[in-house]
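Each residue of the sequence shown is one higher than the one before, starting from 111 at the first, in this note's numbering.
Hints may be right or wrong, so weigh each one.
What the hints assert, rightly or not - With a Cα cut of at most 30 Å, we get these calculated DSSO-like pairs of lysine-lysine:
1) Lys483 <-> Lys605
2) Lys678 <-> Lys647
3) Lys605 <-> Lys420
4) Lys678 <-> Lys605
5) Lys678 <-> Lys483
Calculated from the structure, these hints are not laboratory results. The structure displayed is predicted, hence computed values, not measured ones.
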Amino acid sequence: MPALSPPSHGQHNGPLLPHATGYVEISVFETGVPPRFRLYFLDEAMQPVAPPAADSVVMETERPEDVRQRFKFRREEAFLESCTNIPEPHEFLARVDLDGRRQRLATLFTEEGHDHDHAHGDAEHGDHGGPMIAHADGLVEISVFETGVPPRFRLYFQDNQGQAGSTLPAEAITLTTVRPNGAEQIFHFRQEVEFLESTTDIPEPHEFEAHLDIRREDGRQRLVTPFTEEGHAHGDVGHQADAHGHGDHGHGGHGHGDHGHRDHGHGDHGHNHGSGLLGWLKGTFGHSHDVSDKIDSVMESSEKGIRALKISLVGLGITAILQVLVVLYSGSVALLADTIHNFADAATSIPLWIAFALARRGANRRFTYGYGKTEDVAGVIIVGVIFFSACVAGYEAFLKLIHPEPMTHLGWVAAAAVIGFIGNEAVAVYRIRVGTEIGSAALVADGHHSRVDGFTSLSVLIGVIGTWLGYPLLDPIVGVGITIAILFIVKDAAKAVWHRLIDGIEPDILDEITHAPSHVAGVRAVRTVRARWIGHKVYSDVAIAVDPNLPVHVADAIARAVEQSLRKHVRLLGEVVVRVTL
111 MPALSPPSHG QHNGPLLPHA TGYVEISVFE TGVPPRFRLY FLDEAMQPVA PPAADSVVME
171 TERPEDVRQR FKFRREEAFL ESCTNIPEPH EFLARVDLDG RRQRLATLFT EEGHDHDHAH
231 GDAEHGDHGG PMIAHADGLV EISVFETGVP PRFRLYFQDN QGQAGSTLPA EAITLTTVRP
291 NGAEQIFHFR QEVEFLESTT DIPEPHEFEA HLDIRREDGR QRLVTPFTEE GHAHGDVGHQ
351 ADAHGHGDHG HGGHGHGDHG HRDHGHGDHG HNHGSGLLGW LKGTFGHSHD VSDKIDSVME
411 SSEKGIRALK ISLVGLGITA ILQVLVVLYS GSVALLADTI HNFADAATSI PLWIAFALAR
471 RGANRRFTYG YGKTEDVAGV IIVGVIFFSA CVAGYEAFLK LIHPEPMTHL GWVAAAAVIG
531 FIGNEAVAVY RIRVGTEIGS AALVADGHHS RVDGFTSLSV LIGVIGTWLG YPLLDPIVGV
591 GITIAILFIV KDAAKAVWHR LIDGIEPDIL DEITHAPSHV AGVRAVRTVR ARWIGHKVYS
651 DVAIAVDPNL PVHVADAIAR AVEQSLRKHV RLLGEVVVRV TL
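Build out the structure end to end from the sequences listed, making use of the hints.
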């Protein structure tokens with residue numbers, strides 16, 4: 111047998127695999143017809159030869175979640191063609207048995223990793239407005255019917271020529287909807303005269319990925335197509351009974367195109383602030399000074415991101431200086447506490463800026479992972495600065511409680527509180543705009559953090575109002591309250607820095623890394639997963655199990671596909687090492 115090497119592609123855009131007497135090209139043909147395999151055989155000189163007997167060749171596809179299907183072939187003049195269609199999407203591990211299973215070849219098909227021997231067209235829908243997708247023996251239209259009744263799925267079957275065909279047994283079919291938040295619902299069907307109808311209603315909104323499972327004697331098929339509210343029309347579409355179809359689905363009339371993975375809430379993860387009045391207050395006005403949030407605000411290594419950090423520093427500094435002038439003039443402790451807080455916010459940008467500049471230097475022979483850990487050092491400095499600001503603010507408030515002094519120039523104090531609000535809001539608007547422009551969700555979040563800081567500046571007005579109403583002690587009490595708030599910030603920041611220093615990782619990120627390989631055909635199990643933060647990127651080490659009989663190049667292709675899947679699921683993924691085990 112020739113030495114195994116990564117397959118090239120043949121004249122029909124399919125991978126070219128070596129076997130005992132030559133090569134076989136595995137192509138997918140779907141020009142004007144549902145997709146089917148075509149096998150072209152060549153000798154060792156890469157010249158076409160007559161195909162072998164059809165009964166000597168069997169193919170099996172293995173999809174994620176161990177969905178397998180066997181294909182038999184019929185002999186044409188120049189190739190062997192599968193007797194059944196290939197369900198979408200075309201992402202699977204293909205095994206080909208030659209010479210009565212005396213030879214086994216394997217290759218990995220991915221949507222990005224191979225070309226189809228066909229021309230893509232616009233999405234096509236059936237007579238009832240639903241997307242048409244190919245199954246083993248023809249086409250199936252998945253429509254949603256809701257004229258005068260709650261919405262339910264209806265499945266209409268056609269043969270390969272587009273004519274009405276016999277419906278498949280209802281007990282052999284299930285449909286699973288996977289919504290953007292990861293929620294799944296399974297639908298069973300009952301037999302009607304011309305179609306199969308789901309036995310349960312479809313909840314709104316109709317935005318989900320539909321997985322249609324068909325159980326057959328030669329294995330199980332899974333057809334996948336996305337449904338979106340924008341991609342389908344509700345109401346009467348001109349067909350007597352059927353209300354609407356869904357979809358910009360498919361190319362060439364059978365759902366070929368961009369096939370998404372389940373959305374498990376990747377990227378921006380929400381935070382639970384609790385329920386009731388306290389939960390509402392936390393969700394509306396609460397924000398985190400977690401150092402990881404601060405560090406991630408400069409995660410974009412671009413000049414726009416650096417400029418946004420510099421301008422934020424200047425803006426917050428000017429705001430704090432203006433407030434200091436009013437503090438000296440009025441003697442407001444509450445305003446002093448808020449001013450110190452604003453100075454601390456501005457000051458923490460300096461070590462963060464330095465750490466970010468160092469991280470841009472990249473890796474070298476001494477620091478093989480780069481300088482990302484300098485951001486953790488900056489985090490320690492940030493915690494110290496915030497804690498110092500809490501001590502100063504608390505000391506001043508305590509002195510004011512023991513030795514009350516009248517607050518003067520109430521109008522100036524109120525004006526300074528408004529200055530704090532305007533300064534923080536200006537920084538917030540700028541950070542949000544630049545963060546949106548450069549695609550930095552963290553910088554946008556930090557802009558919202560500045561916006562909430564602006565509202566905390568307005569809390570100083572409570573002290574002004576208390577003094578004006580004859581309750582001057584309300585001013586230092588508000589100062590104590592701000593001090594307590596800063597101490598909570600210190601606790602959260604110290605916890606985050608500690609986790610970073612000892613290579614802690616958030617459980618949801620680890621869950622995403624563990625889950626991502628399940629979307630790749632050929633992955634039998636995930637053995638071990640390790641991950642840690644280096645700077646603002648997650649570095650990971652993943653071990654997967656595959657079939658020990660696979661050729662080395664196929665196992666390597668699976669490992670590369672796992673890395674691609676990880677990068678789709680984990681937005682802040684840096685370097686990842688995927689190890690293949692048995």
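Evaluated hints:
no.	hint	verdict
1	Lys483 <-> Lys605	holds, 16 Å
2	Lys678 <-> Lys647	holds, 14 Å
3	Lys605 <-> Lys420	holds, 27 Å
4	Lys678 <-> Lys605	holds, 29 Å
5	Lys678 <-> Lys483	holds, 25 Å
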